[in-house]
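Protein chains in written order, with the numbering used here: chain W, 1 to 188; chain B, 1 to 188.
Honestly, the hints are just simulated from the structure, not real lab data. We put the beta carbon where it would ideally sit given N, CA and C, even for glycine. Wrong hints could be hidden among the right ones.
Claimed, not checked - For the chain W half of the interface with chain B, some residues (derived, Cβ under 7 Å), not all of them:
1) Lys59
2) Arg65
3) Val181
4) Ala187
To be verified - Here are some chain B residues the structure puts well away from chain W; computed CB gaps all over 10 Å:
5) Arg110
6) Gly111
7) Asn113
Claimed, not checked - For the chain B half of the interface with chain W, some residues (derived, Cβ under 7 Å), not all of them:
8) Lys59
9) Cys98
10) Ser101
11) Asp124
12) Val146
13) Leu158
14) Val162
Protein chains: 2
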Amino acid sequence: MTTTADNPLRNGVDTAALFATIDAVRADPELAKFRFRATNRWVSGTHNESTIHGFYGAKQDMDHRVASTFAADHPAVLVGEDNGPTPTEYLLHSLAACLVSGLANIAAARGVNLSEVAATVEGDIDLLGILGLSDEVRNGFGQIRVSFTLRGDEPEKLRAVVEQARRRSAVYDVLTNGVPVAIEVDAG
Amino acid sequence: MTTTADNPLRNGVDTAALFATIDAVRADPELAKFRFRATNRWVSGTHNESTIHGFYGAKQDMDHRVASTFAADHPAVLVGEDNGPTPTEYLLHSLAACLVSGLANIAAARGVNLSEVAATVEGDIDLLGILGLSDEVRNGFGQIRVSFTLRGDEPEKLRAVVEQARRRSAVYDVLTNGVPVAIEVDAG
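Only chain W is shown next, with the shape it has when bound in the complex:
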């Protein structure tokens, strides 16, 4: 913590608390086991809503300060009513947010100052897959691109922070390496 003792709230990150948390988890790895959750309710057509509130972590059930509800839908061009972004756009958001949250922590831990961070995430998708019109086209994005603009300390330090964020991002890991998804159905 010596590198940040002169500025414990660098980039808005409480680095003392961050290092203390890492030390606590190192001492008791059971604290690191988290379970996140979203509950979704169909509204009509392609319109549905997820609520995010409770989660498990650090050996206890917890709640976010407020429950958040997010509407998803398809746009009119895809026969929806555009009551919210498409599910795939939320996926792009989750990747952007994970990389940006991570790099803010990493920059603070390294004593690197940020003044501005912006990211644009784009994903290319050919709907011949999900429309069942081609067996050769995959259902999901064929490619995702992330473009960062960072301002703050020296460019090479900023680039190194982004690289470490990529190496430690939960969402980047899941998107690039895949994850097992089990589905169970209560139908009646």
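On the provided structure of chain W, position chain B as indicated by the hints.
Relative to the frame of chain W, chain B by itself:
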């Protein structure tokens, strides 16, 4: 379309428009190329916001009816200020929403009536990975589970609709099979 002519708005889905869209794309596959986008702006610490508005598809740039902005943050237990869900929770939401939007379309196309659809999506994550405390623990979710409750027509028809939604979900495909992610950085 004969199976749905008696009920063109089954489950809130305009099945005539859905089939017409599929026919139009079959005739001109270029219409199927979409590009979705989220832009993210760092606020402070692990707090950042994505905006979703414009996208490309059907050979043109388009906008959603409204621009949507979503805050992401880490909870207090993870040294954030809990200004919104974590990025990983948005990922779970995107999976739930994609499966539910898809199954509503598929049910309508098959003439299957839905009265209720609910889904809970949970993901297990061991933070020893992203905290850099273990090289053997991955950064992202080790496992995701989706639990559906469906009510409507016969259970076996409902279960078949969920199975087809899984087989045609863009987000399920990306999460289970992975996707290339390219990152570029403008640092100055």
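Going down the list of hints, with the structure as the test:
no.	hint	verdict
1	Lys59	10 Å, violated
2	Arg65	5 Å, holds
3	Val181	5 Å, holds
4	Ala187	4 Å, holds
5	Arg110	12 Å, holds
6	Gly111	15 Å, holds
7	Asn113	13 Å, holds
8	Lys59	10 Å, violated
9	Cys98	4 Å, holds
10	Ser101	4 Å, holds
11	Asp124	5 Å, holds
12	Val146	5 Å, holds
13	Leu158	4 Å, holds
14	Val162	5 Å, holds
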